[in-house]
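Enquirer: This is what each chain is made of:
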Amino acid sequence: MIEIRSLEKYFGALQVLKGIDLTVEKGEVLSVIGASGSGKSTLLYCINGLEPIQKGSVVVDGTNVHAKGTDINKLRQKLGMVFQQWNSFPHLTALENVALAPRIVKGKSRSEARDIAEKQLLHVGLDDKLNAYPSALSGGQQQRLAIARALAMEPTYMLFDEATSALDPELVGEVLDTMRLLAEEGMTMICVTHEMGFARDVSDRVAYFHQGVMEEIGPPEQIFGEAKSEHTRKFLANVR
Amino acid sequence: MFDYNFHWRPVMKSLPDLLEAGLLTLQVATLSMIIGIVIGLLLALSRMKKTGPAYWLATAWVELARNTPALFQLFFFGFGIGAFGIHLSPFAIVLAGLSFNCAGYLAENFRGGFQAIPDTQLRAARSLGMTAWQAHTRIIIPQVFRLVYHPITNQMVWAVLMSSLGMLVGFRELSGETQFFASRTFRIFEYFAVTAVIYYAIVKIVLGASRLLAMRLFRY
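The listed protein sequences derive, respectively, from chains A and B. At position 237 of the first sequence (counting the first as 1) the number is 237 in the working numbering, and the numbers step up by one without a gap. At position 171 of the second sequence (counting the first as 1) the number is 171 in the working numbering, and the numbers step up by one without a gap.
Keep in mind that the hints were calculated from the coordinates and are not lab data. Computed from a predicted model, the values in this text were never measured in an experiment. Beta carbons: idealized from backbone N, C-alpha and C, even for Gly. Hints may be right or wrong, so weigh each one.
Label-pair distances were calculated between CB atoms; the ranges are [stated by the list, open to error]:
hint	chain 1	residue 1	chain 2	residue 2	range
1	A	Gly-197	B	Asp-119	30 to 36 angstroms
2	B	Leu-57	A	Lys-18	40 to 46 angstroms
3	A	Ser-138	B	Leu-64	44 to 50 angstroms
4	A	Phe-11	B	Thr-131	21 to 27 angstroms
5	B	Leu-64	A	Ala-136	41 to 47 angstroms
6	B	Arg-219	A	Arg-200	39 to 45 angstroms
7	B	Leu-64	A	Lys-26	57 to 63 angstroms
Derived SDA-like pairs (lysine to any residue); straight-line CA-CA distance at most 20 angstroms [what the hints assert, rightly or not]:
hint	chain 1	residue 1	chain 2	residue 2
8	A	Lys-74	B	Thr-131
9	A	Lys-74	B	Arg-123
10	A	Lys-74	B	Gln-134
11	A	Lys-119	A	Glu-185
12	A	Lys-106	B	Trp-133
13	A	Lys-78	B	Arg-123
14	A	Lys-78	B	Thr-131
15	A	Lys-74	B	Ala-132
16	A	Lys-119	A	Gln-77
17	A	Lys-74	B	Trp-133
18	A	Lys-68	B	Thr-131
19	A	Lys-78	A	Met-187
20	B	Lys-50	B	Ile-117
21	A	Lys-106	B	Thr-137
22	B	Lys-13	B	Thr-185
23	A	Lys-74	B	Leu-122
24	A	Lys-106	B	Ala-132
25	A	Lys-234	A	Arg-200
26	B	Lys-204	B	Ala-193
Next up, chain B with everything else stripped away, as it sits in the complex (with noise of 0.2 angstroms):
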């Protein structure tokens, strides 16, 4: 009934590439967020504004990256603008995706984290003669990025899980990397399974960054 034979050598050879594979995964979903946040604080800060075509743009993009499938916005930057005749590498591919993807949720995040702050914050900086930009700088968005600081955590270990669609686009992350072996010597089962591990290795590692990370910026 059970005569499946493990074979875990295979794997266990391979490691050191499903390794190296995995620091790719964290380096795209990594990049990603940044740009995610960067990205995301631009259309949080337009979907304020409530009028203009910064507003619409930003809701669009919104509305298109948290309605969506992630695995359909990939393909739009693989095989979608590929139609088009620009063809982007399978690391631009994934890190536009993921990026697009995580901008819109993280914009979400930001807009609720701005209306959490009263605006008598804003008036206390402005009457001491700060700019709107210095007083956003300065004071809104530090308060902002403690109020989202858990949502973000949340988005990074979402990034470096959304980054095994990677292996549907040809990038050889970790999971295109497992499936790459995988498919070579048919131990299909043993190589997820490490696969698995790996990953759960790497998001432990991302929470715990993140915790020592929240103990360094938030002492009050």
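Bound conformation, chain A alone (with noise of 0.2 angstroms):
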């Protein structure tokens, strides 16, 4: 379980998120959407500690994320990140990008993580890009042996930083497909995403942040359907 509690986030003098609350229960897909700027990402980072927070307190599976004791080395193996510059490493083959971090963080043999990484490019369906470099392969491919990588780990948790927003339009759909099944599978997902189809179809709670507040959360139906805010009701109908 993901607990946030009146998280706020500076970056200089710019408040970038207001106090935001929001427990994410195991098993939920949740998607996060708003304008750009609203937040959205910066929450992601600040659910595995790339950044660090002003005030409030991330939680995560009983462990304060952001508390000085905390060894986040081993709390982020729980929770998977997938970046919107898909950031695949371009010195390593696709087997390589997967198999490395299984063996330098978690300490599994070349031959464990190497049968890890299959398993996991299977999964996603770069089972024959085993040794192509990343320079080879298009973005859509890139952007699912990024999601190969971050579940090699084993994670908990899926984080998606807008996986799709920097992919040519005719790659967006592999990738969204790709992450269709890890909700099927029923991994916990945390998606900030511009695709509202996939935010529909997909979520169990859809979020709408504006301005660095949760303006809404519910289930797709009601964010969609019948938005209490009028923010977010304005937002949807420039959105489609």
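Taking the hints as your guide, dock the two standalone chains into a single complex.
Expert: Here it is in structure tokens:
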């Protein structure tokens, strides 16, 4: 369970998160929507401790992410993250991209790590690209590689930061399909997304962020059907 | 008008000695590059911190190494600290001087390389649970090395040629050895002509080796 309490985050003088309270249960798929600059991506970075916070707390399975004594590297193994810019490691093959962290972070042997990597690459449909370098992969394939890389750490949660925003339109589908597959398998997911179709069809709940505030959260039918907040309705009217 | 008679025989007789001195040149250049790369990396990382004593030390190092003649840097390790009673062997003087110089130049190359790697690579590595050390050694530095590979090769060539300054601090590397024989036989032109060819050959070997190594290292 991820529990976020009164979370406040500043970049210098600019407040980007203004007191967020949010609980994500195991097995839930939460989509976070909202305009650029509303703090959605920053929220993800605060959850896995890539960004420090100024007030409040983020607790993952009982561990406070931002507490001094927390072993953040251990905690991050539970929190897989996929970035907007897919960030595959260009000097490693697809297989090495996926096998590296299990080996050096979790201490798996080379052959174990290789097995894990092959399994996850098969999972995302890249089993024919094991020895390809990222430069030889399309954007969609690189993003699926990034998903496989995160999954290889056997995370409890997956955080998706606009995983499809930087892709050519014709490549968005394959990545969304992979995310759908994960959701069906019961993965707990927080997806910051601009894909309203995905948010509506796949999520258990949808949260709408507006200028650093979580304006509204609820099941997709509520957000897309009868949003209570004026801001939410306006945003959705503009997107569609 | 042109009545100089070439005498190549003495040069040919001392050719084995010259080639041996050439090996010494290659050796001191290679060692100083290895030391220079390690220190240069540390200097680059210190300079990127922007504050603290390590930043100032690294900045001073880079400024001195890049903006003063290499010859003066050798003299510093020879006569400079010699004045304080610390006497290094000629080999050590040249090694220290070249390492100091190479580290300064390489530090700036590395710094450029580090800045060319997007921050997001580090974030991606850390998000997988890697420590900062693991992320740097496994993800960032290998990519930096590829970016600065040709500047490093360039610096290696420069180190080979710069080591010829060693003859001015009494080091019998290729130039020092040549000077020694030349002044004994007065066949100055012949000796230095042959030595120039040897330098050329050494640099060609260095460039060839660098190309082979690149093919082996960078398959992406």
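Enquirer: Take the hints in turn and mark each one as holding or not.
Expert: Tested hints:
1. Distance hint for Gly-197(A) and Asp-119(B): a CB-CB separation of about 31 angstroms, consistent with the stated range 30 to 36 angstroms.
2. Roughly 43 angstroms separates the CB atoms of Leu-57(B) and Lys-18(A), a value that falls within the hinted 40 to 46 angstroms.
3. At about 49 angstroms, the CB distance of Ser-138(A) to Leu-64(B) agrees with the hint of 44 to 50 angstroms.
4. The hint said 21 to 27 angstroms for the Cβ distance between Phe-11(A) and Thr-131(B), and at roughly 25 angstroms that hint holds.
5. For Leu-64(B) and Ala-136(A), the hinted distance range of 41 to 47 angstroms is satisfied, since their beta carbons lie about 45 angstroms from each other.
6. For the pair Arg-219(B) and Arg-200(A), the beta carbons lie near 44 angstroms from each other, so the given range of 39 to 45 angstroms is met.
7. At about 59 angstroms, the CB distance of Leu-64(B) to Lys-26(A) agrees with the hint of 57 to 63 angstroms.
8. For the suggested pair Lys-74(A) and Thr-131(B), the alpha carbons sit about 10 angstroms apart, so the restraint of at most 20 angstroms is met.
9. A threshold of 20 angstroms between alpha carbons decides the hint, and for Lys-74(A) with Arg-123(B) the separation of about 15 angstroms falls inside it, so the pair holds.
10. Between Lys-74(A) and Gln-134(B) the alpha-carbon distance is near 14 angstroms, which keeps this suggested pair within the 20 angstroms criterion.
11. Straight-line distance between C-alpha atoms of Lys-119(A) and Glu-185(A) comes to about 15 angstroms, which keeps the hinted pair within the 20 angstroms bound.
12. The hinted pair formed by Lys-106(A) and Trp-133(B) meets the criterion: a straight-line CA distance of about 15 angstroms does not exceed 20 angstroms.
13. For the given pair, Lys-78(A) sits about 16 angstroms from Arg-123(B) by alpha-carbon distance, which is consistent with the 20 angstroms threshold.
14. At most 20 angstroms may separate the alpha-carbon atoms for a hinted pair to count; Lys-78(A) and Thr-131(B) meet this at roughly 15 angstroms.
15. With a C-alpha separation of about 13 angstroms, the suggested pairing of Lys-74(A) with Ala-132(B) holds against the 20 angstroms cut-off.
16. For a cut-off of 20 angstroms, the pair hint linking Lys-119(A) to Gln-77(A) stands: about 18 angstroms separates their Cα positions.
17. Proposed proximity of Lys-74(A) and Trp-133(B) is supported: the alpha carbons are some 15 angstroms apart, at most 20 angstroms.
18. A hinted pair counts as satisfied when its Cα atoms are at most 20 angstroms apart, and Lys-68(A) with Thr-131(B) qualifies at roughly 16 angstroms.
19. Restraint check for Lys-78(A) and Met-187(A): the C-alpha separation of about 12 angstroms stays at or below 20 angstroms, so the hint holds.
20. As the CA atoms of Lys-50(B) and Ile-117(B) are separated by approximately 18 angstroms, the hinted pair is consistent with the 20 angstroms bound.
21. Annotation: proposed proximity of Lys-106(A) to Thr-137(B) holds, straight-line Cα distance about 17 angstroms (limit 20 angstroms).
22. For the given pair, Lys-13(B) sits about 12 angstroms from Thr-185(B) by alpha-carbon distance, which is consistent with the 20 angstroms threshold.
23. Straight-line distance between C-alpha atoms of Lys-74(A) and Leu-122(B) comes to about 17 angstroms, which keeps the hinted pair within the 20 angstroms bound.
24. Distance hint between Lys-106(A) and Ala-132(B) is fulfilled; the C-alpha atoms sit about 15 angstroms from each other, no more than 20 angstroms.
25. Between Lys-234(A) and Arg-200(A), the direct Cα distance comes to roughly 17 angstroms. Compliance with the 20 angstroms bound is thereby established for this hinted pair.
26. Restraint check: the Cα-Cα separation between Lys-204(B) and Ala-193(B) comes to about 17 angstroms, which is no more than 20 angstroms; the hinted pair holds.
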